[in-house]
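Kindly produce the complete structure, drawing on both the sequences and the hints.
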Amino acid sequence: MKILFLALVMLFASCAQQQVNQRRAELEATLNPLMGQNEESVILQLGRPDNVETIGSIKVFRYRRSFGARSTASASAYNNQYSASAYGSGQSWESYDEYNVYFQNGTAVKWDGYVQR
Numbered sequence: 001m002k003i004l005f006l007a008l009v010m011l012f013a014s015c016a017q018q019q020v021n022q023r024r025a026e027l028e029a030t031l032n033p034l035m036g037q038n039e040e041s042v043i044l045q046l047g048r049p050d051n052v053e054t055i056g057s058i059k060v061f062r063y064r065r066s067f068g069a070r071s072t073a074s075a076s077a078y079n080n081q082y083s084a085s086a087y088g089s090g091q092s093w094e095s096y097d098e099y100n101v102y103f104q105n106g107t108a109v110k111w112d113g114y115v116q117r
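The sequence shown begins at 1 in our numbering and counts up one residue at a time.
Just so you know, the hints here were simulated from the structure itself, not pulled from any lab data.
Keep in mind that this is a model prediction, so the values were computed, not measured.
The following label-pair restraints were derived from C-beta to C-beta distances: (1) Ser-92 <-> Leu-44: 33 to 39 Å; (2) Tyr-87 <-> Ala-29: 41 to 47 Å; (3) Gly-47 <-> Thr-107: 17 to 23 Å; (4) Arg-64 <-> Gln-22: 16 to 22 Å; (5) Ala-75 <-> Val-52: 42 to 48 Å; (6) Tyr-78 <-> Pro-33: 54 to 60 Å; (7) Gly-36 <-> Ser-89: 47 to 53 Å; (8) Val-52 <-> Asn-21: 26 to 32 Å; (9) Gly-90 <-> Ile-58: 39 to 45 Å.
List time: in silico SDA-like cross-link candidates among lysine to any residue, alpha-carbon distance up to 25 Å: (10) Lys-110 <-> Glu-53; (11) Lys-59 <-> Glu-40; (12) Lys-59 <-> Gln-45.
Ideal placement from N, C-alpha and C gives every residue a C-beta, glycine not left out.
Okay, structure coming up:
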């Protein structure tokens, strides 16, 4: 039983990591071609940024895209001739992408991001 449980946990973790890797590749395919473009071109491609910051001569467009909350729950009961017990657990988290595009002199020069699944 413990081996089955561990196998399921490993399967779930690898699926989540696979989703993160896939989304990261999608972000790279979208954002890498924008490097060297001006601010207006980036806005036309990605939409209005959620936040804009200026740090010295660098302008940062911050984007955050939420895909809603995810959750999981489990429960189990044990019963034997001496006692009965129950166990339950739950977890929830938000699935989102955060990425920043950095501009120097009006031209996109770098991006970074974080993917949560």
